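Asks: With the hints as extra help, turn the sequences into a complete structure.
Residue numbers (my numbering), protein chains in the order written: chain A, 802 to 938; chain B, 802 to 938; chain C, 802 to 938; chain D, 802 to 938.
It is possible that part of the hints are untrue.
Put simply, identical chains are the same to the list, so a pair is met inside one copy or across any two.
What the hints assert, rightly or not - Below, in silico cross-link-like pairs of lysine-lysine (DSS-like), each with a Cα-Cα straight-line distance of 30 Å or less:
#1 Lys916 - Lys883
#2 Lys883 - Lys920
#3 Lys867 - Lys916
#4 Lys867 - Lys883
#5 Lys915 - Lys867
#6 Lys894 - Lys910
Simulated from the structure, these hints should not be mistaken for lab results.
As the structure is a prediction and not an experimental result, all values here were calculated from the model.
Here are the chains, one letter per residue:
4 protein chains.
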Amino acid sequence: MLSAETRIRTRYADTDQMQIVHHAKYFEYFEVARIDLLHQIGLSYFEMERNNYLLPLIECFCNFIKPARFDEVLRIETRLQKNLGPILHLTYKVFNDETNELIAEGFTKHSFVKKDTMKPIRPPQFYLEAIHNSANK
Amino acid sequence: MLSAETRIRTRYADTDQMQIVHHAKYFEYFEVARIDLLHQIGLSYFEMERNNYLLPLIECFCNFIKPARFDEVLRIETRLQKNLGPILHLTYKVFNDETNELIAEGFTKHSFVKKDTMKPIRPPQFYLEAIHNSANK
Amino acid sequence: MLSAETRIRTRYADTDQMQIVHHAKYFEYFEVARIDLLHQIGLSYFEMERNNYLLPLIECFCNFIKPARFDEVLRIETRLQKNLGPILHLTYKVFNDETNELIAEGFTKHSFVKKDTMKPIRPPQFYLEAIHNSANK
Amino acid sequence: MLSAETRIRTRYADTDQMQIVHHAKYFEYFEVARIDLLHQIGLSYFEMERNNYLLPLIECFCNFIKPARFDEVLRIETRLQKNLGPILHLTYKVFNDETNELIAEGFTKHSFVKKDTMKPIRPPQFYLEAIHNSANK
Chain A
802 MLSAETRIRT RYADTDQMQI VHHAKYFEYF EVARIDLLHQ IGLSYFEMER
852 NNYLLPLIEC FCNFIKPARF DEVLRIETRL QKNLGPILHL TYKVFNDETN
902 ELIAEGFTKH SFVKKDTMKP IRPPQFYLEA IHNSANK
Chain B
802 MLSAETRIRT RYADTDQMQI VHHAKYFEYF EVARIDLLHQ IGLSYFEMER
852 NNYLLPLIEC FCNFIKPARF DEVLRIETRL QKNLGPILHL TYKVFNDETN
902 ELIAEGFTKH SFVKKDTMKP IRPPQFYLEA IHNSANK
Chain C
802 MLSAETRIRT RYADTDQMQI VHHAKYFEYF EVARIDLLHQ IGLSYFEMER
852 NNYLLPLIEC FCNFIKPARF DEVLRIETRL QKNLGPILHL TYKVFNDETN
902 ELIAEGFTKH SFVKKDTMKP IRPPQFYLEA IHNSANK
Chain D
802 MLSAETRIRT RYADTDQMQI VHHAKYFEYF EVARIDLLHQ IGLSYFEMER
852 NNYLLPLIEC FCNFIKPARF DEVLRIETRL QKNLGPILHL TYKVFNDETN
902 ELIAEGFTKH SFVKKDTMKP IRPPQFYLEA IHNSANK
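Replies: In structure tokens:
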């Protein structure tokens, strides 16, 4: 199972008047974590888009366990549930990096699409190879 | 079942370089829609917070069916699954208001908490009365 | 002088833990107001981009006079300082629509660019005609 | 003159459909950079707020020189124009950290306020001491 760790310091602008990090921000954090994981298996999301592949969300979910506050370092553990089928399924656990408390957990599901048609396609060859190579390390 | 309709025009800042509305924005739209629904049953979220009650998220989910683009009017149909227990469960359907195409659907779950303790509590009396009065209309 | 009025209700997600609208949000409000003004003189920003013209910012400024809070209706008065030269100069005044208090004022400056080159160009003919037609009304 | 350097990797969610970083995001980057600078002179913004001091914006400005794109590392050079009077004046230069190209430059002006009254006050003693100590290093 492919995994990555990402650390993000919460920003002032991430908070709302409840004085905690706004729930929608977690999906931005998941996105940063997901792009990190792709980097680690040799895939640049930037390059993928230049080559006409997009990876839009089909579904996302988050369970909020404890509030995160301004100026905390969150550690996000991301896993790519190894799936060579058409749907990529990633899971995320968010910890307070100092206390190790679990803050939130969630998932996102994605499908490759071609930029020009926005139609779902099967995972492209470069992706399957990157997965394959990482699994063999 | 209590429900409300909310219309939101997508903003330029809501888009990302995929040239569609960024997925995290849907949770901001759900929030606007949820506050509208509370208004319609006579509850001001603004007043609730002044009275020391918060309604943070426990869970949220969204299924993205078609992309929304800049300068579209989205119609959000929000329902409060009538639940007098400790968890509020709201569901949302997002339509392109012009074409009536279903764009996305999702849910959020919330628990009342007291601002000073951030501990979950049972729904306060003013909420139960507002629900009761709306149901009898 | 071309002008427009736009009303925006502040969202919960727009606030930060200072319990006021976060300053960066005003530039999103200015953007909504600016696109409204263009609509009123018959220009669709959506169409402009399809025709390969972009209108990125060169400069922006805001002076914050009073804080805006959650669930307030702001009225934004936008003016296009009539300028047929290469730089579009817009000014914005933000009022609390209920109390008429001045909340903030600012400006943005823009240059037309071609999407493919991102190079500044002189205002295109369709823009000059729209300005001319509006001025003669 | 007190200064600090902050590095920020641009996020996918920071882009808009112009495929560049949205202009309002720069003010979030400035905020991160400003909080870094305060940390470096021994001031925790988190602690300041707990002690009932806020530092809201009075004015902000940005000049956009070159577009920033997704997944770039920006280096922000922040300076506190040493001012012991009631207005804090910070300036920011944003560089592409790889190419050293100047991307943007701007400023923010702030006034200390007491959280309970939201009235401007003169800089508190702990701030003046932190400035004084940094200047003597």
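Asks: Give a verdict on every hint.
Replies: Hint-by-hint comparison with the structure:
1. For a Cα distance limit of 30 Å, the shortest separation of Lys916 from Lys883 inside one copy, 24 Å, qualifies, whereas the shortest one across copies, 39 Å, does not.
2. In this assembly of identical chains, the alpha carbons of Lys883 and Lys920 lie at most 30 Å apart only when taken from the same copy (22 Å versus 38 Å across copies).
3. In the homo-oligomer, the alpha carbons of Lys867 and Lys916 lie at most 30 Å apart only across protomers (14 Å), although the nearest pairing inside one protomer, at 38 Å, exceeds that limit.
4. Taking the shortest alpha-carbon separations for Lys867 and Lys883, both the intra-copy value of 29 Å and the inter-copy value of 26 Å come in at or below 30 Å.
5. Proximity of Lys915 and Lys867 under a CA criterion of 30 Å is satisfied inter-copy only: 15 Å between copies versus 38 Å inside one chain copy.
6. Taking identical chains as interchangeable, the C-alpha atoms of Lys894 and Lys910 lie at most 30 Å apart whether they share a chain (15 Å) or sit on different chains (19 Å).
When each numbered hint is compared with the structure, no violation occurs for any of them.
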